[in-house]
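Novice: Residue strings, one per chain:
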Amino acid sequence: MRTFSLSLLPHFPSTAKPLTTLVSSYQLNPDRIKDEVITNILVKAMTQFPSPQFDLSLHLLSPSQSNPGPNSTSDLTEAVAKLRVLNAQLEGAQYARFWVTLDSDDIYADLTTDIAGFEEMIRLRIAQLISQAHREVQTSVLEGWLGLDGEDEVNKFVIETCGWKVGEDGLVQIPKNADNEAKKTEIREDVAVDMFGRVIKRAWEDSA
Amino acid sequence: MNYQSGMAPARAIEDDSDVEEEALVADYREQVQYEGGMEELDQASLAQQHDEIQSRLVQAAQPLDFQATLETKFQSYDNYCALFHYILNSEGPVDLEPPSYYWAWDVIDEFIYQFNTFSSYRARIARQTNNEEEAQILRDNPNTWGCYSVLNVLYSLIQKSQILEQLTAMRRNEDPMAVAGPYGTKNLYRMLGYFSIIGLLRVHCLLGDFSLALKTLDDIELNKKAMFARVMAAHFTTYYYVGFSYMMMRRYADAIRMFSHILVYVSRTKNFQKNTQYDSISKKNDQMLALIAICVAFHPTRLDDTIHTALREKYGDQLLKLQRGGPDSLPVFEELFRHACPKFISPVPPDFDKPEANIDPIDHHLSVFMEEVKTNMWSPTLKSYLRLYTTMDLKKLAGFLDVQPEELRSWLLVNKQRTKQLRWTDNGLLEGELVNISDLDYALQGVSLRR
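Here the protein sequences line up with chains A and B, keeping their order. The first sequence lines up with residues 1 to 208 when you count with full-length UniProt numbering. The second sequence lines up with residues 1 to 451 when you count with full-length UniProt numbering.
Heads up, a few of these hints could be off.
Covered stretches of chain B, as calculated for chain A (at least 3 residues, CB under 8 Å) [to be verified]:
1) 226–235
2) 245–251
3) 341–349
4) 371–385
5) 408–419
Rather than coming from a laboratory, the hints here were simulated on the basis of the structure. By construction, the Cβ of each residue, glycine as well, lies at the ideal position given by its N, Cα and C atoms.
I would like the entire structure built from these sequences, with the hints used as guidance.
Specialist: Here it is, written out as structure tokens:
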């Protein structure tokens, strides 16, 4: 009897973030979304590290999709748990550990296979983040952090792909950029006149 | 896209005082819908029905009794459906005035509140296994108080009232009435539409969609002139959910700005507030202070004096632990988050057949949030050392901190990466510009650190 007509239902509005939109639109209909779609979105979000994108996508999953219950696991919850480990390593700048984890289980190859150039994307992003914090860095560090094998591979990558220089001492030189200069930034707060007014007013009220 | 319908299931009418009213409304709706509208009703019954509807409007804004039975909750849902159906699906706009200025807010607020408590209750029944009777009723009626229906009501009210068009016009200093359409020119629709926007902010946040939550406020300007500012509870709710969403998006400066604004406002107006209203606000007040403590731990900054004092009084010990960081801070983050977060809702009904598979949505969101907390937990310690030196050997600093130098390198990167934060300037709430929020900058040169 008391039916509420859905005929005038508007289309759900599109959101600003294309990545989370897809999860959003399936949020209420988890049975309609395929596991690969979820994991692909998570993997794609992961490549944007460091950023809240991966977490924001996780928040959209239903609680039982992203957390295995005590007696229940599914392929999806297991995959999500694995991806969370990877993402935490990227967010925590544990890059060497990331490559080790990625290699440790075949499931990762399955999960990332749909995202073309996943490893290359991650490697480039790590290189970029390294350049923002370093002026010089040892080849040995780069080898682990970039997931490369041996000094030659590292040299090739940093010279050809990044355009950095390798010094005779084996230290890789990173050109100056806006972030690795470590200049003192001035934190300024603009105070408008009316804000002073508020201070004075409050002082007045307190004493009154 | 094909959504499942959120239709209220047909249930037998219980022997209840609302029965007559219900029947009347149902009759009324049928006539309006199927017989072409009001002109076919005679004037006497029209007046009577008008009174009925008017009393239903008032009733829809009344809080449900705290100990209401499941049956009453179902009944209340049906009442809302009937009322909104009448308002939205009658032929043309209905000719009603909202009973008061606060009414539209109260209705939307109560509607969402009941949705929220119902969802939590249902999840609890599904997790416990000792109430088979209620579990069965809930299992049989998965769409009652369903997310989909609730969102549908809010979106429909927004759409019918053309409130977004009106707000856009107002921002351009044009006449909103020119774009309000047949519904939006009426007070009832305009007010319901407006507060439905705030309602959507809240529901999306409760469902864990924080960016969509902020996006829904694109057309509302957060300032003193905003319509919600005249309704204290609406004002307060808006800032709480906007601030919370910002926090979840790691935009701590913006979150602090939101919480601070409203807390200062409350502290300055509390003398004019009626006591009952102030009581309900005071709990949220505490919650926002707790959230500020969390945000300040991530993003140390100067606070307004009033807030700083209140924070030290209320959460002094906790704040100290948060600011110290390390593993000892983790339980404090958890405690404050649990205390201050909204009562999250799972977007889908629970699985009554697998009680153990139903994770409390709060646990879910907390566990995601804690990942970022853990990632950052060494930053406070790190910063306290960095302030002391301008050049430093990495090994030596690692020795002080009792970690491996390569681990320290990671900490340094994390800390440096987090000094960039999106901060709102003057467009939509989701927009902003990337700014450096720390006065402490450094770069690594081989095995030494320079700042």
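Novice: Is the listed coverage of the region 408–419 of chain B by chain A valid when you require three or more residues with a beta carbon under 8 Å from a beta carbon of that chain?
Specialist: holds (count 9)
Novice: Has the region 341–349 of chain B got at least three residues whose CB is nearer than 8 Å to a CB belonging to chain A?
Specialist: Holds, because 3 residues of the region 341–349 of chain B bring their Cβ atoms closer than 8 Å to Cβ atoms of chain A.
Novice: Are at least 3 residues of the region 226–235 of chain B within less than 8 Å of chain A when you compare beta carbons?
Specialist: Result for this restraint: violated, n = 0.
Novice: Please count how many residues of the region 245–251 of chain B have a CB within 8 Å of a CB from chain A and say whether that reaches 3.
Specialist: holds (count 3)
Novice: Tell me if chain A covers the region 371–385 of chain B under the three-residue, 8 Å CB rule, please?
Specialist: holds (count 4)
Violated hint: 1 only; the structure is consistent with all others.
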